[in-house]
Amino acid sequence: MSSVLRFRKLCFLEPTKYSSYDEKTKDQKNYENVNTVLLENNPKKKHQKKPPKEWRCIDSCCWMVGYLCTTWWLLLFLYHCLPANLPGLQVPEPPGARLSRQGLTALHPVVMVPGIVTGGLELWEGRACSEGLFRQRLWGGSFTEIFKRPMCWLEHLSLDNETGLDPPGIRVRAVPGLVAADYFAPGYFVWAILIENLARIGYEGKNMYMAAYDWRLSFQNTEVRDQALSRLKSKIELMYVTNGYTKVVVVPHSMGVIYFLHFMKWVEAPPPMGGGGGPGWCAKHIKSIMNIGPAFLGVPKAVGNVLSAECKDVAFIRLLNTSCVYLEHGTLSFPCYLKEETPFGVTWIGLEGDHVCDSAMKKYQQQFDMKGNNTDGRRGFQVQESTKYGRIVSFGKAASELHSSEISGLGSQVYLHNATSPQSLASCGKVWTEYDEVSPESIRRISEKKAYTANTLLELIRSIAPKMMRRAEAHFSHGIADNLDDPIYNHYKYWSNPLETKLPDAPDMEIYSLYGVGIPTERSYVYKVSSSFRCKNIPLQIDSSADGRNGCLKGGVYFVDGDESVREYKHKAPANLLEGRGLQSGAHVDIMGNIALIEDVLRVAAGASGVELGGDRIYSDIMKMSEKINVRL
Amino acid sequence: MVMLRRRRGSDGKKPENSQPPSDENKEERSDESKEKSDSNFENLNLRLKSAKKSRKKWSCVDSCCWFIGCICSMWWFLLFLYNAMPASLPQYVTEAITGPLADPPGVKLAKEGLKAKHPVVFVPGIVTGGLELWEGHSCAEGLFRKRLWGGTFGEVYKRPLCWVEHMSLNNETGLDPPGIKIRPVSGLVAADYFAPGYFVWAVLIANLARIGYEDKNMFMAAYDWRLSFQNTEVRDQTLSRIKSNIELMVATSGGKKVVVVPHSMGALYFLHFMKWVEAPAPMGGDGGPNWCAEHIKAVMNIGGPFLGLPKVLTALFSAEARDIAIARAIAPGILDKDVFGFQTLQHVMRMTRTWDSAMSLLPRGGETIWGGLDWSPEEGHECNSKKKNGNGQTSHNRTLDLANFSRVKYGRILSFERMSLNYIHQRLSGAIKGSNLATLANTTCRDVWTEYHDMGIGGIKAVADYKVYTASSMLDLLHFVAPKMMKRGGAQFSYGLADDLSDKKYDHYKYWSNPLETKLPNAPDMEIFSMYGVGIPTERAYIYKLSPGAECFIPFQIDASAEGGGEGHCLKGGVYSVDGDETVPVLSAGFTSAKIWRGKTRFNPSGIGNFIREYNHAGPTTLLEGRGTQSGAHVDILGNFALIEDIIRVAAGATGEDIGGDQVHSDIFKWSERIKLRL
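Protein chains in written order, with my numbering: chain D, 1 to 633; chain U, 1001 to 1679.
There may be inaccurate statements among the hints.
Claimed, not checked - Computed footprint of chain U on chain D, listed as stretches where at least three residues anywhere in the stretch have a Cβ under 8 Å from a Cβ of chain U:
# : segment
1 : 175–187
2 : 238–252
Unchecked claim - The calculated EDC-like cross-link candidates involving lysine to aspartate or glutamate, where the alpha carbons are at most 20 Å apart (straight line), are:
#  : chain 1 : residue 1 : chain 2 : residue 2
3  : U       : Lys1115   : D       : Asp166
4  : U       : Lys1595   : U       : Glu1367
5  : U       : Lys1181   : D       : Glu131
6  : U       : Lys1158   : U       : Glu1141
7  : D       : Lys235    : U       : Glu1214
8  : U       : Lys1545   : U       : Glu1563
9  : U       : Lys1676   : U       : Asp1499
10 : U       : Lys1146   : D       : Glu196
11 : U       : Lys1487   : U       : Asp1476
12 : D       : Lys235    : U       : Asp1286
13 : U       : Lys1504   : U       : Glu1278
14 : D       : Lys148    : D       : Glu162
15 : U       : Lys1676   : U       : Glu1379
16 : U       : Lys1519   : U       : Asp1503
17 : U       : Lys1545   : U       : Asp1499
18 : D       : Lys235    : U       : Glu1247
19 : U       : Lys1115   : D       : Glu125
20 : U       : Lys1519   : U       : Asp1500
21 : U       : Lys1111   : D       : Glu125
22 : D       : Lys284    : D       : Asp505
23 : U       : Lys1108   : U       : Asp1658
24 : D       : Lys284    : D       : Glu510
25 : U       : Lys1111   : D       : Glu204
26 : U       : Lys1600   : U       : Glu1673
27 : U       : Lys1600   : U       : Asp1525
28 : U       : Lys1108   : D       : Glu125
29 : U       : Lys1256   : U       : Asp1503
30 : U       : Lys1510   : U       : Asp1525
31 : U       : Lys1146   : U       : Glu1112
32 : U       : Lys1108   : D       : Glu131
33 : U       : Lys1146   : D       : Glu204
34 : U       : Lys1256   : U       : Asp1525
35 : D       : Lys148    : D       : Glu125
36 : U       : Lys1670   : U       : Glu1379
37 : U       : Lys1181   : D       : Glu204
38 : D       : Lys502    : D       : Glu268
Hints were generated in silico from the structure; no laboratory data involved. Glycine is no exception: its CB is placed at the ideal position from the N, C-alpha and C atoms.
One chain only, chain D, in its complex shape (with noise of 0.2 Å):
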């Protein structure tokens, strides 16, 4: 306060300082003098004086800037002022108005059902952090408020750690409509090409519907909470009535397949646990089903981010930046460390495997009865063949090669969960991940017992996150069914494994995979221990010195009932830059613009059966792989 009642003062005697100050008025004086001396004697002089301020560096900063600004101007200018078609780049004319000069229209009603991550999040109700957030999209667009407020967008996002559903007082859900998931983030595309496709042979939002749901809940808690699947059974009997009953065509994508799978069981089961349509209503109701990159039986990438909330792509950043901040954070855990040091790419992985996400924890569940078949089937080719995908997760290369009878059995292992360290808990900072709980002694048994196979991972997770585990459980189940008749099998948690469960009853449906081929896919992983035990480092990393990429999986996918045509995509990519991510892309996002892709999805929309589409096409081994799997059919 005094200081700015000086200031004041200051400000008033100003003036009046002015004038005592002669001598300097004299210098003034001398000053000028010495001017007109010199203008005199000098004329030239008087030019040069004219631009009364130095070329300094401010200004050349300003002339800078606003050089750059002036020319990105003019370039966006002749941007906008171009032709959208230069006449030297022919862009290929998309299937969507081909096939409408061939005479399609739209005739069967459209339901996308997104995967997992695409589908946008909006805010509901928050904390105060999250003030001015309302209706502001948390997930997905331009995430944004990563950035500006991380700690407060992850508390957002993440769901109550013992029930799988919101934490009190804060409201996340998905976002409705086609917007929902058309673009993932400003020009990534998700399901826009197809919707602009389906627009052109006379779609339009009356019979497209997106059956966004919240991917982050199990599936059976996205009816509890939002009654996503009745939304979605009222949508279809809406659009069946108003299209003149023909019955709808679904197009699920990446884990959408397992979402509809549920939904087709649950659709049919009595009403308190399911939808009460009666046994006939997948029949009446629903046409075809085209599965685009369908994840039936899992994806390993899953158990990366479980394990250690690192996949293939964090690995090597984490590998690089080990050094520097083991230096200086020494006690920074692995999630923090993600979430303060790196960009937002790894911050959502981080996110996925720390706080829990039901959702990615069901894939990889499901991959492991099948993983574990896998193995036995290929034991007798073990001398030949070189990789063994079937132990998903090694310790060390070497672990990853060895024969199978070399390596010790699991079964008697016993994990010590000893009772938290205090000391640890206590240093640790309030970021909790489960492996708190568990010893660095179990740990260090963990990675001696150097691989494991999809069976045995499940016990291995079940060790280290035990809580994640029970609540996901009760949800989803991952074995292979003997019998299908068992009462058993109509709770809810087998309903989206398709080997725990039968296809409805539905002769003149027809189910189509489609998928992209000829991309290296993560497959299994080698791991190692990280090299410090200290308190909050996830303890587990993926070992990037060994070559951890030997994933060939062929977007593997196989069906028990095997009446649905298989269509396979070479993957291609894009030849130059101008043309995006591409339009034979085989990627598992990027497959959604691929041409013959959409080709396909409009014929069936329009009305064509698999028959008339040509039957099944395969590019990979996928029916010799199937065959090595032994499953009673």
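For chain D, the structure is supplied; the task is to place chain U on it using the hints.
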């Protein structure tokens, strides 16, 4: 202390300007060097040359760049500061200036313990719902699924003709023109904000969310507001969609009935829906006679123009309302002349005339409701309540003696040449329809098509000669000047007043949205609220004149020079106004609930409870308040805290009596009394 010293130091150096001395210092220095080293004169020359060069660089382009750079950097800097600022800062500032703000109603009621109970359905009105493009002509490339209506309206400026073409409907069918598909945006985003920052439903939604509402128990019944109501079902199955959604919400919320909140034209739309849903299948929704009773708890109409809007007459007649009329009077050269080849007004008119829904807002009930040549229900209304001298609204007119003429004659909705008492009563059908000019006009007026060209000058003269039009003769007039449009409209809407409601013909859908020709559904437990703002002058009647050069232009325009004498006069700029919410006159919004639906009447056989809730307009006191929290204006009322509180209370389970029954500020009951109507 350090700062202080520094200041003194700088003060001591140079009081006026710090720049000159430094320059002079340099001068001096260079001077000294020159004096010192005369031998190095060449050196100095060189230096001068280089100085010259640098001066040359500092050219015009450079200064431009410098200037732009400066501005950009400043802008970014400010932007950065703005973003770094905590979000609640504006609120602090506002509170510092105006004192602590009242809690938003949602927060207040959440503290009282109110919880989400009944699902809420919003029915947006005309114009406020967004429309997006699904299929278009080549000029609309790249606009797929972009909003043509609502949002930023960027395309209006970029390609106006293309925009008009896409927004127009087919003139014959009232449906899409071939090759163009414009569809309503769906979901809550359809009408939460009309343009960025201009809320419509957003405030209400946010407040409902505070007591626990979310996407699953709120539904925006977005529809294409350009179509006639029945056509939304024919083309988009919108009514079926609303029915299915309401059923779904009732089922998923455990059998709780919905609260419907229609706004503006949405009130008529929902009236249509209620009739449709109970009608048998081919024409209706086949929900059975008890559908409404089983699914609807309350209908809370916000500013519903049940009897239509006089404003719409002028919009259809000459594509102008008060705002445009003034612009047209001030700058006739711009809007009327063919500047840049755009015939703006004509284009707008051509577009709006293809929208059937506009015709749902034409005044209904004719002279019985809106008043005849010599009487009107609102007679005696004083426009400026502050100045209450008896003859304030009496016009001291230059033309005629007005001894017996102390009332504004609202009944004359449209008059040519002000105060023409000696009108000649001639039926319009007798007017000469000069078709001789039609072909000529069509060729000269480019491709802009308004039906005026078919009429010819003779017809226009006849219209003007008729002098005075009431609500019912106004319809004849429209039939005369725009026969095609009225033919289309006549098939979709009706503007009459039923004598016998049990007549079989009233089963047709064109009567469903007219409260004067339908019975309310049989649902004694349901409640109907009429909520609207009062206290703002609202357009009610107009004075017209022939516009000069009536060849290619719309031949009529509002006579913006007609002014009433005195402060309190209701006539301003050729428009007579009454009390209302700036768009809907009180009579139109409140009459149904005040009279024909009150108690058990032939319009309301089951005795559905009716409540009138009026909200007095109080504009925002400071700029910081934005559009105000006590506004009564037609759209801004959606941000009125009192109204939001009422809605939330009803949604949380309260009845009309619980929230206080009627709340009336205007003379609506008095005015309703004057309307003679068999109940």
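For each hint, the structure was consulted:
1. 175–187: As far as the segment 175–187 of chain D goes, the hint holds, because 5 residues have Cβ atoms under 8 Å from chain U.
2. 238–252: holds (count 3)
3. U:Lys1115 / D:Asp166: Holds. Lys1115 (chain U) to Asp166 (chain D) sits at ~17 Å (cutoff 20 Å).
4. U:Lys1595 / U:Glu1367: Measuring from Cα to Cα gives roughly 17 Å; hence the hint holds.
5. U:Lys1181 / D:Glu131: violated, 39 Å
6. U:Lys1158 / U:Glu1141: Between Lys1158 (chain U) and Glu1141 (chain U) the Cα gap is close to 12 Å, so the pair holds against 20 Å.
7. D:Lys235 / U:Glu1214: holds, 18 Å
8. U:Lys1545 / U:Glu1563: The hint holds at about 14 Å.
9. U:Lys1676 / U:Asp1499: holds, 13 Å
10. U:Lys1146 / D:Glu196: holds, 12 Å
11. U:Lys1487 / U:Asp1476: holds, 12 Å
12. D:Lys235 / U:Asp1286: It holds: about 18 Å lies between the C-alpha atoms, which stays within 20 Å.
13. U:Lys1504 / U:Glu1278: Between Lys1504 (chain U) and Glu1278 (chain U) the Cα gap is close to 15 Å, so the pair holds against 20 Å.
14. D:Lys148 / D:Glu162: violated, 29 Å
15. U:Lys1676 / U:Glu1379: Holds, at roughly 15 Å.
16. U:Lys1519 / U:Asp1503: holds, 11 Å
17. U:Lys1545 / U:Asp1499: violated, 37 Å
18. D:Lys235 / U:Glu1247: Holds. Lys235 (chain D) to Glu1247 (chain U) sits at ~11 Å (cutoff 20 Å).
19. U:Lys1115 / D:Glu125: With Cα atoms ~14 Å apart, Lys1115 (chain U) and Glu125 (chain D) stay inside 20 Å; holds.
20. U:Lys1519 / U:Asp1500: holds, 11 Å
21. U:Lys1111 / D:Glu125: holds, 15 Å
22. D:Lys284 / D:Asp505: Distance ~10 Å between Lys284 (chain D) and Asp505 (chain D) Cα, so the pair holds.
23. U:Lys1108 / U:Asp1658: holds, 17 Å
24. D:Lys284 / D:Glu510: holds, 13 Å
25. U:Lys1111 / D:Glu204: violated, 43 Å
26. U:Lys1600 / U:Glu1673: Within the cut-off at roughly 17 Å; holds.
27. U:Lys1600 / U:Asp1525: Holds, at about 13 Å.
28. U:Lys1108 / D:Glu125: holds, 16 Å
29. U:Lys1256 / U:Asp1503: violated, 35 Å
30. U:Lys1510 / U:Asp1525: violated, 27 Å
31. U:Lys1146 / U:Glu1112: violated, 42 Å
32. U:Lys1108 / D:Glu131: holds, 17 Å
33. U:Lys1146 / D:Glu204: holds, 13 Å
34. U:Lys1256 / U:Asp1525: Holds, because 13 Å separates the two Cα atoms, which is no more than 20 Å.
35. D:Lys148 / D:Glu125: Distance of about 18 Å is within 20 Å: holds.
36. U:Lys1670 / U:Glu1379: Holds: Lys1670 (chain U) and Glu1379 (chain U) sit about 10 Å apart, inside 20 Å.
37. U:Lys1181 / D:Glu204: Distance ~9 Å between Lys1181 (chain U) and Glu204 (chain D) Cα, so the pair holds.
38. D:Lys502 / D:Glu268: With a Cα-Cα distance of about 12 Å, the restraint between Lys502 (chain D) and Glu268 (chain D) holds, given a limit of 20 Å.
The structure shown violates the earlier hints numbered 5, 14, 17, 25, 29, 30, 31.
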